[in-house]
Amino acid sequence: MTIVFDVAGAVAIAATIMMLTRTHAVHALLYLIVSLLAVAVVFYDLGAPFVAALEVIVYAGAIMVLFVFVVMLLNLGEEASRAERGLLTPGIWIGPSVLAAILLAEFGWLLTRGSAPPAALANIGPAEVGMALFGSYLIGVELASMLLLGGLVGAYHLGWKERSHASHS
Amino acid sequence: MLPIREGFALAGILFALGIIGVLARRNIIFVLMSIEVMLNAAGLAFVVAGARWQQPDGQVVFLFILAMAAAEVSVGLALVLELYHQYKSLDTDAISRMRG
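If you're matching them up, the sequences are chains A and B in order. Numbering-wise (the numbering used here), the first sequence opens with residue 1 and increments by one. Numbering-wise (the numbering used here), the second sequence opens with residue 1 and increments by one.
In isolation and in its complexed conformation, chain A is listed as follows (with noise of 0.2 Å):
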């Protein structure tokens, strides 16, 4: 029974292609947002369900909210409260709401129905994926602790550079 990843597979699609033909900054970004949750929803059909809480605590949660920090960072002003206007009125907001309210509609059926996933051989639950991740997997989390160490020292040098940059002008 596939039907489930059949229907979540065709939103993630259509919400992806959604994005790339919006010309608006927030309208692609709620578009990217439904893709990626539609792509939780895939994971766990797929019997993963530790990955799919990840990707839409991390995807569609954390790094998301950075890219609407940069969205709102980069047009402030009179146009903007003029676009926030534009963003209230049906068409901008429909799309993205259909979409999401069909992925809400398999979620409930997948609680509803019982516990196991349909298209999924076997759960892989948290505690393999942990045991993985910290037994054979140890170099790669100690290299994704300084991969994200070096993110976070290379962001604060590049808005700290601009910073003293404007002090002196």
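Please keep in mind that the hints were generated in silico from the structure rather than gathered at the bench. Quantities reported herein were computed from a predicted structural model and do not represent experimental measurements.
Not the full set, but computed from the structure, chain A residues with beta-carbon under 7 Å of chain B:
1) Val39
2) Gly140
3) Ala144
4) Gly159
Per the computed footprint, the stretches of chain B lying under chain A, defined by three or more beta-carbons under 8 Å from a beta-carbon of chain A, are:
5) 13 to 19
6) 26 to 37
7) 79 to 92
What follows is a set of in silico ranges between Cβ atoms, one per label pair, in the way DEER data are often shown:
8) A:Ala53 - B:Phe8: 21 to 29 Å
9) B:Ile13 - A:Thr112: 25 to 33 Å
10) A:Val141 - B:Gln54: 19 to 27 Å
11) B:His85 - A:Ala62: 22 to 30 Å
12) A:Phe69 - B:Arg26: 19 to 27 Å
13) B:Asp91 - A:Thr112: 42 to 50 Å
14) A:Gly135 - B:Ile20: 37 to 45 Å
15) A:Pro126 - B:Ile19: 26 to 34 Å
Even for Gly, the Cβ is constructed at its ideal location relative to N, Cα and C.
Put chain B on the given structure of chain A with help from the hints.
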């Protein structure tokens, strides 16, 4: 029944859409979002393969891709802010005049 062929097809389609976005769009925010789509599609392929062999390794690699995407997007968006302050534009063609 595990939809392994459909899973890889979905990953391939999403990756191709990301490539189209990187090549076709000129707004650098859209380019970064397309890169996110491509990374996500690569992670989807890993998870599908992990589900096929019922091993957690695919999900572990997806976690590494997640950490890499977070680091990439933080540095990338800091560069976008810097670019906007220097050129007053988000057009990627504006950076082509940059000479080191």
